[in-house]
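Engineer: Sequence:
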Amino acid sequence: MSKFSVIMPVYGGDNSIHFKQAIQSLQKQTRLPDEIIIVVDGPIESPTKSVLDEIKDDRIFKIIYQNKNLGPGVSRSNGIKASNHEIIALMDSDDISVNDRFAKQLDVIKNKEVDIVGSWIEEFS
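Offset between the sequence shown (1-based) and our numbering: plus 14.
Honestly, the hints are just simulated from the structure, not real lab data.
Any given hint could turn out to be false.
[Claimed, not checked] Below 25 Å or equal to it, Euclidean Cα-Cα: the simulated DSS-like pairs (lysine-lysine) are: (1) 70 x 42; (2) 17 x 70; (3) 70 x 95; (4) 95 x 124; (5) 82 x 70; (6) 17 x 118; (7) 17 x 82; (8) 63 x 76; (9) 63 x 82; (10) 124 x 17; (11) 42 x 63; (12) 126 x 76; (13) 34 x 63; (14) 118 x 82; (15) 42 x 82; (16) 34 x 118; (17) 76 x 17; (18) 126 x 17; (19) 95 x 82; (20) 76 x 95; (21) 34 x 17.
[To be verified] Label-pair ranges, simulated between beta-carbon atoms: (22) 87 x 135: 15 to 21 Å; (23) 104 x 73: 18 to 24 Å; (24) 71 x 44: 19 to 25 Å.
Glycine residues also receive a C-beta, built at the ideal position from the N, C-alpha and C atoms.
Could you put together the complete structure from these sequences and hints?
Structural biologist: Below you can see the structure in the form of structure tokens.
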């Protein structure tokens with residue numbers, strides 16, 4: 015079975031409730047990631063720190079702290095460099111994944127011999 019990482023940047027302007035929901039959607043996957051790398055992009059507020067405190071002892075999570083806000087591109091790049099796996103899923107801190115997202119995407123990668131897969135989104139407010 016293919017091992018993979020999820021990279022998710024979070025920064026001070028992100029909604030902590032959506033961030034927590036995004037984390038919970040990762041934890042409910044039918045095919046769990048082998049590692050989840052959260053890149054903290056500069057200073058964050060207490061509600062977001064609380065979400066990180068809830069997951070910091072879970073070995074699946076790797077939390078990387080950047081001293082200043084470098085933007086999502088640099089943050090994702092730093093997360094990719096810290097990854098231990100060749101297959102990488104990208105998420106934003108407000109993305110809520112359906113429970114079988116990774117199972118379906120890994121199946122496509124394995125059986126269709128593709129390098130990149132995506133999916134559709136549904137907006138919410």
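Engineer: Take the hints in turn and mark each one as holding or not.
Structural biologist: Each hint tested on the structure:
{"no.": "1", "hint": "70 x 42", "in the structure": "holds (17 Å)"}
{"no.": "2", "hint": "17 x 70", "in the structure": "holds (21 Å)"}
{"no.": "3", "hint": "70 x 95", "in the structure": "holds (20 Å)"}
{"no.": "4", "hint": "95 x 124", "in the structure": "holds (23 Å)"}
{"no.": "5", "hint": "82 x 70", "in the structure": "holds (20 Å)"}
{"no.": "6", "hint": "17 x 118", "in the structure": "holds (14 Å)"}
{"no.": "7", "hint": "17 x 82", "in the structure": "violated (31 Å)"}
{"no.": "8", "hint": "63 x 76", "in the structure": "holds (14 Å)"}
{"no.": "9", "hint": "63 x 82", "in the structure": "holds (16 Å)"}
{"no.": "10", "hint": "124 x 17", "in the structure": "holds (11 Å)"}
{"no.": "11", "hint": "42 x 63", "in the structure": "holds (21 Å)"}
{"no.": "12", "hint": "126 x 76", "in the structure": "violated (30 Å)"}
{"no.": "13", "hint": "34 x 63", "in the structure": "holds (11 Å)"}
{"no.": "14", "hint": "118 x 82", "in the structure": "violated (36 Å)"}
{"no.": "15", "hint": "42 x 82", "in the structure": "violated (31 Å)"}
{"no.": "16", "hint": "34 x 118", "in the structure": "holds (23 Å)"}
{"no.": "17", "hint": "76 x 17", "in the structure": "holds (15 Å)"}
{"no.": "18", "hint": "126 x 17", "in the structure": "holds (17 Å)"}
{"no.": "19", "hint": "95 x 82", "in the structure": "holds (18 Å)"}
{"no.": "20", "hint": "76 x 95", "in the structure": "holds (12 Å)"}
{"no.": "21", "hint": "34 x 17", "in the structure": "holds (24 Å)"}
{"no.": "22", "hint": "87 x 135: 15 to 21 Å", "in the structure": "holds (19 Å)"}
{"no.": "23", "hint": "104 x 73: 18 to 24 Å", "in the structure": "holds (21 Å)"}
{"no.": "24", "hint": "71 x 44: 19 to 25 Å", "in the structure": "holds (24 Å)"}
Violated hints, in rising order: 7, 12, 14 and 15; the structure is consistent with all others.
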